[in-house]
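Undergrad: Next come the chains, spelled out residue by residue.
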Amino acid sequence: MSVIDSTRFDRLREFARPDRVFDFMAPAQSPVDVRHGPILYLEDVSVSFDGFQAINRLNLTIDDGELRCIIGPNGAGKTTMMDIITGKTRPDHGQVWFGSRHNLLTLDEPQIANLGIGRKFQKPTVFEALDVTENLELAMAGERRVWKTLLARLDHEGQARIDEVLETIGLSGERYRLAGVLSHGQKQWLEIGMLLMQRPRLLLVDEPVAGMTEPEMHRTAALLTRLAGQQSVVVVEHDMGFVRSIARQVTVLHQGSVLAEGTMDDVSSDPRVVEVYLGGDEEAA
Amino acid sequence: MTTQTFLHERDRSRQAFLSRSTLLTSLVLIVGMLVVLVLNALPESSAWHVSNATVSLLGKYFTYMLLALAVDLIWGYLGILSLGHGAFFALGGYAMGLYLNAQTSPLPGWQSIMTYFPVAALAVLLAPGLLALVFGWLAFRSRVTGVYFSIITQALTFALMLAFNRNEMGMGGSTGLTRFYELLGFSLASEGMTVALFVASGMAVLLAFWLCQAITVSRLGRVSVATRDAEARVRFIGYRVDHVKLALFVVSAMIAGVAGALYVPQVGIINPSTFAPLFSIEVVVWVALGGRATLYGALLGALVVNYLKTVLTGVMPDAWLFILGGLFVLVTMLLPQGIAGVISTWRGKRRDGEKQDRQEVSA
Chain A
15 MSVIDSTRFD RLREFARPDR VFDFMAPAQS PVDVRHGPIL YLEDVSVSFD GFQAINRLNL
75 TIDDGELRCI IGPNGAGKTT MMDIITGKTR PDHGQVWFGS RHNLLTLDEP QIANLGIGRK
135 FQKPTVFEAL DVTENLELAM AGERRVWKTL LARLDHEGQA RIDEVLETIG LSGERYRLAG
195 VLSHGQKQWL EIGMLLMQRP RLLLVDEPVA GMTEPEMHRT AALLTRLAGQ QSVVVVEHDM
255 GFVRSIARQV TVLHQGSVLA EGTMDDVSSD PRVVEVYLGG DEEAA
Chain B
167 MTTQTFLHER DRSRQAFLSR STLLTSLVLI VGMLVVLVLN ALPESSAWHV SNATVSLLGK
227 YFTYMLLALA VDLIWGYLGI LSLGHGAFFA LGGYAMGLYL NAQTSPLPGW QSIMTYFPVA
287 ALAVLLAPGL LALVFGWLAF RSRVTGVYFS IITQALTFAL MLAFNRNEMG MGGSTGLTRF
347 YELLGFSLAS EGMTVALFVA SGMAVLLAFW LCQAITVSRL GRVSVATRDA EARVRFIGYR
407 VDHVKLALFV VSAMIAGVAG ALYVPQVGII NPSTFAPLFS IEVVVWVALG GRATLYGALL
467 GALVVNYLKT VLTGVMPDAW LFILGGLFVL VTMLLPQGIA GVISTWRGKR RDGEKQDRQE
527 VSA
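Each protein sequence line maps, in turn, to chains A and B. Under the working numbering, residue 299 is the last one in the first sequence; the count climbs by one each step, no gaps. Under the working numbering, residue 529 is the last one in the second sequence; the count climbs by one each step, no gaps.
Quick caveat, the hints were computed from the structure, so don't treat them as lab data. Certain hints may be false.
Not the full set, but computed from the structure, chain A residues with beta-carbon under 7 Å of chain B [stated by the list, open to error]:
hint, residue
1, E123
2, P124
3, R133
4, F141
5, E142
6, A153
7, R158
8, A166
9, D169
10, M231
11, S282
What you are looking at is a predicted structure, and each value in this text was computed from that prediction instead of being measured. All C-beta atoms in this analysis are idealised placements derived from N, C-alpha and C, irrespective of residue type, glycine included.
Given only the sequences and the hints, what does the whole structure look like? Please build it.
TA: Here's what the structure looks like:
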């Protein structure tokens, strides 16, 4: 009896602890909880557009700090998957969790972005009328409310952060140039730089080397490999050579669901994968 | 190579609040106003004398410039093309009209509160502001953009025109509000009042210009330019695009309301035709002609087009709309940046020329 009482008392004391933050009182943008493993968790996700099943019972888990490549033929649902994760498209069915605390299906794009999911588009999308520094400044993690944005000034810390990112993406020499006049490759790096300014936990990168020259591709590969570890990075890519050069884990999507998963060597020797890729090629040829 | 870089660099000096173009525009406005006042004070026999009618006309131009500024803030910098800004202008005008009416005879019902100037002044800001808030909230939350937004703003102003045409509205029906005699206890017909309204309108343009300049050079201004060019990207870096749009739309509507309130006592009437879709479109033409996304361009556009209108409707009234349409087509085809674009290209060339000269000298 007395034993039970004392545990009860302990519980009460624990409950009334002055520094305790109740879950419902915690700020919505609390840090991502990855104690239970994955940073991104998709379960049984399906979405269809006008009868076309873009994503079909997709299951995918990304671990914290992982660099994952996602490959698949055209129409495999790669971009749709990114749309679902970033809140642009709502799935018909399934669950999407960021860490074990944030249900992404209840949030919209800005909320998801502010939680720490950064996204690079397939077509490089930078603010062409602004210069490189300004592009990075806008992406910098921080206050997003209208009034605060109106009064915001770039402080030393922010400037230092911009310099650091400029260094990382190799655009220090172009800092005052308009983003609109950068080369295609430079725009891609600038966009990756903008993602870094957000200090994301998870980076979603859609076809980062499309239209790049060979040396540019090598630089991008080095950049992405460096980022993994600090952030989790998910790269969607067509170019198999590029994927081979950066990937540790590869997921193959086909017709909206996972066809195979493993190291590049495992995956490329999988007969089903060969069928999807080579079979398609033969038909095309 | 170096000249190439210079041409492609953003002119950082223009980002400061006190940029050269801000100072120049402010100076031109102030000096222009002073010159008109001095010339107006000259004896009527003098060849340089500016009549009260002209002063009043210029005061009316000022209110149009204010309206153009409001449209440019959201169209030029945020990419929201409102084809119904005349509605906000007219609402400000009606608020002022009610106040002016109340000075001669007491108004019925709720309108009686408009007897008091502070209430009327508040209504000038709040009526357009609230309408913009509700309308904008619904539209931007549902992500209505581009031409669809433009169309519903046309519908908005058209619906208001129909509503204000009805006598049951208590706003004078199709005649509108007229019979204005007194403002703040002074006769509207007096010479001093004409000058005072001219000065007030000029000051309003100056203040609104500074306000818009402060907004556009701030980080919010850069977020809005970013929204104009790549809205989805802005959303994915975490800004609430709908809030940004709503905030600027409301500010813009309030500026338009003030413009309407200053317009009414100078023109002596406000009627539902101000809500006409055509008027709102005309405002957009002013801004396009002057040069969108430059504040001085909007001011210049409103002034130039309205001056032309005054002159040409006198000479050949039937041709005016054709001339306006022709101008719009020509500017869109030949000068997509408007008059301001010509000025800045010319200035840029001169600056780069100077730079080149210096380089040649040093080499």
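Undergrad: Name the hints, by number, that the structure is in violation of.
TA: Violated hints: 9, 10, 11; rest satisfied.
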